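Undergrad: One letter stands for each residue in the lines below.
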Amino acid sequence: DTGVSQDPRHKITKRGQNVTFRCDPISEHNRLYWYRQTLGQGPEFLTYFQNEAQLEKSRLLSDRFSAERPKGSFSTLEIQRTEQGDSAMYLCASSLGGNTNEKLFFGSGTQLSVL
Amino acid sequence: DQQVKQNSPSLSVQEGRISILNCDYTNSMFDYFLWYKKYPAEGPTFLISISSIKDKNEDGRFTVFLNKSAKHLSLHIVPSQPGDSAVYFCAATRYNTDKLIFGTGTRLQVFP
Chain G
325 DTGVSQDPRH KITKRGQNVT FRCDPISEHN RLYWYRQTLG QGPEFLTYFQ
375 NEAQLEKSRL LSDRFSAERP KGSFSTLEIQ RTEQGDSAMY LCASSLGGNT
425 NEKLFFGSGT QLSVL
Chain B
74 DQQVKQNSPS LSVQEGRISI LNCDYTNSMF DYFLWYKKYP AEGPTFLISI
124 SSIKDKNEDG RFTVFLNKSA KHLSLHIVPS QPGDSAVYFC AATRYNTDKL
174 IFGTGTRLQV FP
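So the protein lines, in turn, are chains G and B. The numbering of the first sequence is my numbering, which starts it at 325 and goes up by one. The numbering of the second sequence is my numbering, which starts it at 74 and goes up by one.
The following block holds chain B by itself, in its conformation from the complex (with noise of 0.2 Å):
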């Protein structure tokens, strides 16, 4: 049961443009989502997240919107730099919990 679900393995876009990542959840109890980093050979690190409460926050070029209705997320990145080629994971997780629950990841590649 994925209760997280990335449906795009993999986005290519040009340096400069917007990069969109998605994420849908089935649990309308989580209330809380974060997205994660990825370098290879590294672990994830943490990138930006987002209360149930909101439906923005925003973060320098990182901005997430959430959309509690439709249990979809955003990553939205802009301007793409060729260092955020990554894969990127989304992660949920509910008050009183004490685990996040990933999806299966998004690799990103920026180029020039």
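Here chain G stands alone, though its shape is the one from the complex (with noise of 0.2 Å):
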């Protein structure tokens, strides 16, 4: 394992559909995070697990998002209902954890277009 893997690299989706992706983090990794990039925007943080145990959410992440890490190993972010303004590049990152400036290790982002 050399990194952080997304999965699928591309998702197109029409308005109203259901979408699920996958992040398995580098694997001796504690803390898994979720960022979300749009066009012209740096990623924004929506939400991180420390093992299985979901810490902080955004007010970013509404009602039809949501996110899992059940064995504390991958994690998957489920967005109901998709809306155009979904469309964006969603990141996973990992990190050892522990000291909390540690820095993240990003995957290849999972870029989604809702039409």
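No wet-lab data here; the hints were simulated from the structure. Computed from a prediction, not measured in an experiment: that's the story for all the values here. We put the beta carbon where it would ideally sit given N, CA and C, even for glycine. Worth double-checking, as some hints may not be accurate.
Claimed, not checked - Computed list of lysine to any residue pairs in SDA-like fashion (alpha-carbon distance at most 20 Å, straight line):
#: 1; chain 1: G; residue 1: K395; chain 2: G; residue 2: K335
#: 2; chain 1: G; residue 1: K427; chain 2: B; residue 2: D128
#: 3; chain 1: B; residue 1: K144; chain 2: B; residue 2: T99
#: 4; chain 1: B; residue 1: K172; chain 2: G; residue 2: N354
#: 5; chain 1: G; residue 1: K381; chain 2: B; residue 2: I174
#: 6; chain 1: G; residue 1: K427; chain 2: B; residue 2: D171
#: 7; chain 1: G; residue 1: K427; chain 2: B; residue 2: D132
#: 8; chain 1: G; residue 1: K427; chain 2: B; residue 2: I174
#: 9; chain 1: G; residue 1: K427; chain 2: B; residue 2: S125
#: 10; chain 1: B; residue 1: K172; chain 2: G; residue 2: F389
#: 11; chain 1: B; residue 1: K172; chain 2: G; residue 2: L379
#: 12; chain 1: B; residue 1: K172; chain 2: G; residue 2: S432
#: 13; chain 1: B; residue 1: K78; chain 2: G; residue 2: L363
#: 14; chain 1: B; residue 1: K172; chain 2: G; residue 2: H353
#: 15; chain 1: G; residue 1: K381; chain 2: B; residue 2: Q75
#: 16; chain 1: B; residue 1: K172; chain 2: G; residue 2: Q374
#: 17; chain 1: G; residue 1: K427; chain 2: B; residue 2: I121
#: 18; chain 1: G; residue 1: K395; chain 2: G; residue 2: T344
#: 19; chain 1: G; residue 1: K335; chain 2: B; residue 2: P113
#: 20; chain 1: G; residue 1: K427; chain 2: B; residue 2: K127
#: 21; chain 1: B; residue 1: K172; chain 2: G; residue 2: S382
#: 22; chain 1: G; residue 1: K427; chain 2: B; residue 2: Y112
#: 23; chain 1: B; residue 1: K172; chain 2: B; residue 2: I121
#: 24; chain 1: G; residue 1: K427; chain 2: B; residue 2: E115
#: 25; chain 1: G; residue 1: K427; chain 2: B; residue 2: S124
#: 26; chain 1: B; residue 1: K129; chain 2: B; residue 2: S101
#: 27; chain 1: G; residue 1: K395; chain 2: G; residue 2: R346
#: 28; chain 1: B; residue 1: K172; chain 2: G; residue 2: E368
#: 29; chain 1: B; residue 1: K78; chain 2: B; residue 2: D132
#: 30; chain 1: G; residue 1: K335; chain 2: B; residue 2: E115
#: 31; chain 1: B; residue 1: K172; chain 2: G; residue 2: D348
Claimed, not checked - Short, incomplete list of chain B residues facing chain G, as computed with Cβ under 7 Å:
#: 32; residue: P117
#: 33; residue: F119
#: 34; residue: F162
#: 35; residue: D171
#: 36; residue: F175
#: 37; residue: G176
Reassemble the complex: the two chains are provided individually, in unrelated frames, and hints are given to aid placement.
TA: Dropping the structure here:
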């Protein structure tokens, strides 16, 4: 395992459909983060996990969004009833944890397009 | 409320010269700052960081300077190389929080 893996790389869906993304962090990393990036903007924090516990959620994360990390390893991010405004790059990152300033290792992202 | 600002969306520099990327922040509680580099179709990769107890950190061709009174940091790349062409994001965080606040990025192009 050489890095953070995200699947799929691209997703095109119709408005109103549900989508699910998967993230596999670096194996020894305890912390897993989800960020969203839109065109011309930097990544925006969505949520993060310490092992299987979801410790913080951004106000950006509406009720249509849910994230899980059931066994403290991989994570899924689901968006229900997608809207065109959900179109973005969804980035997953992981870190060792412990030191809150630990640098994050990002995956290549999932590019979501909602038609 | 943009707490971390990168006011220059793009920068073009000749190979071998110095590249200077700037970043301003508004939240005086930030105490740790990072620079990430992003190539197209890839996630951001960590480049260099600096704690608020320092005013300079150097790693090879990359140096980050922090001016706390001005709430300003800069990334210097010298000498610049064509492979440095990428989007550079400044990020900030506070001790005991676990999320990074990113700027909007600066696209650096290094031409021969």
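Undergrad: Does each hint hold? Answer for all of them.
TA: Each hint, compared with the structure:
1. A threshold of 20 Å between alpha carbons decides the hint, and for G/K395 with G/K335 the separation of about 25 Å lies outside it, so the pair is violated.
2. Note on G/K427 and B/D128: the hinted pairing holds, with a Cα-Cα distance of about 19 Å set against a maximum of 20 Å.
3. Between B/K144 and B/T99 the CA atoms are separated by roughly 7 Å; this keeps the pair inside 20 Å, and the hint holds.
4. At most 20 Å may separate the alpha-carbon atoms for a hinted pair to count; B/K172 and G/N354 meet this at roughly 15 Å.
5. The straight-line distance between the Cα atoms of G/K381 and B/I174 is roughly 14 Å, inside the 20 Å bound, and the hint therefore holds.
6. A threshold of 20 Å between alpha carbons decides the hint, and for G/K427 with B/D171 the separation of about 10 Å falls inside it, so the pair holds.
7. In summary, the hint linking G/K427 to B/D132 is supported, as the alpha carbons are separated by about 15 Å, within the 20 Å threshold.
8. For the given pair, G/K427 sits about 13 Å from B/I174 by alpha-carbon distance, which is consistent with the 20 Å threshold.
9. Only pairs whose Cα atoms come within 20 Å are accepted, and G/K427 paired with B/S125 is accepted, the gap being roughly 16 Å.
10. Restraint check for B/K172 and G/F389: satisfied, since their Cα atoms lie roughly 18 Å apart, inside the 20 Å limit.
11. Annotation: proposed proximity of B/K172 to G/L379 holds, straight-line Cα distance about 11 Å (limit 20 Å).
12. Pair hint B/K172 plus G/S432 holds up; C-alpha atoms about 19 Å apart against a cutoff of 20 Å.
13. For a cut-off of 20 Å, the pair hint linking B/K78 to G/L363 stands: about 16 Å separates their Cα positions.
14. Distance check on the hinted pair: B/K172 and G/H353 sit about 16 Å apart at the alpha-carbon level, within 20 Å; holds.
15. A hinted pair counts as satisfied when its Cα atoms are at most 20 Å apart, and G/K381 with B/Q75 qualifies at roughly 19 Å.
16. Among the hinted pairs, B/K172 with G/Q374 is consistent with the structure: their alpha-carbon atoms are about 12 Å apart, no more than 20 Å.
17. Among the hinted pairs, G/K427 with B/I121 is consistent with the structure: their alpha-carbon atoms are about 9 Å apart, no more than 20 Å.
18. For the hint linking G/K395 to G/T344, the alpha-carbon distance of about 17 Å falls within 20 Å, and the restraint holds.
19. At most 20 Å may separate the alpha-carbon atoms for a hinted pair to count; G/K335 and B/P113 meet this at roughly 17 Å.
20. Straight-line distance between C-alpha atoms of G/K427 and B/K127 comes to about 17 Å, which keeps the hinted pair within the 20 Å bound.
21. Of the supplied pair hints, the one linking B/K172 and G/S382 holds, its CA atoms being roughly 10 Å apart against a limit of 20 Å.
22. Distance restraint check for G/K427 and B/Y112: the Cα-Cα separation of roughly 18 Å lies within the 20 Å cut-off, and the hinted pair is therefore satisfied.
23. Note on B/K172 and B/I121: the hinted pairing holds, with a Cα-Cα distance of about 17 Å set against a maximum of 20 Å.
24. With a CA separation close to 17 Å, the supplied pair G/K427 and B/E115 stays within the 20 Å bound.
25. For the given pair, G/K427 sits about 12 Å from B/S124 by alpha-carbon distance, which is consistent with the 20 Å threshold.
26. Distance check on the hinted pair: B/K129 and B/S101 sit about 18 Å apart at the alpha-carbon level, within 20 Å; holds.
27. The straight-line distance between the Cα atoms of G/K395 and G/R346 is roughly 14 Å, inside the 20 Å bound, and the hint therefore holds.
28. Straight-line distance between C-alpha atoms of B/K172 and G/E368 comes to about 9 Å, which keeps the hinted pair within the 20 Å bound.
29. Restraint check for B/K78 and B/D132: not satisfied, since their Cα atoms lie roughly 23 Å apart, outside the 20 Å limit.
30. Only pairs whose Cα atoms come within 20 Å are accepted, and G/K335 paired with B/E115 is accepted, the gap being roughly 16 Å.
31. Note on B/K172 and G/D348: the hinted pairing holds, with a Cα-Cα distance of about 19 Å set against a maximum of 20 Å.
32. The restraint placing B/P117 at the interface with chain G holds, with a minimum CB-CB distance near 5 Å, inside the 7 Å limit.
33. At its closest, the beta carbon of B/F119 sits 4 Å from a beta carbon of chain G; the interface hint therefore holds under the 7 Å criterion.
34. With a cut of 7 Å, the hint placing B/F162 at the interface with chain G holds, because the nearest CB-to-CB distance is about 5 Å.
35. The beta carbon of B/D171 is positioned within 7 Å of a beta carbon in chain G (closest approach about 5 Å), and the interface hint is therefore held.
36. The criterion of a C-beta within 7 Å of any C-beta in chain G is met by B/F175, whose closest approach is roughly 3 Å, and the hint holds.
37. Taken as an interface hint, B/G176 checks out: its beta carbon lies about 5 Å from the nearest beta carbon of chain G, inside 7 Å.
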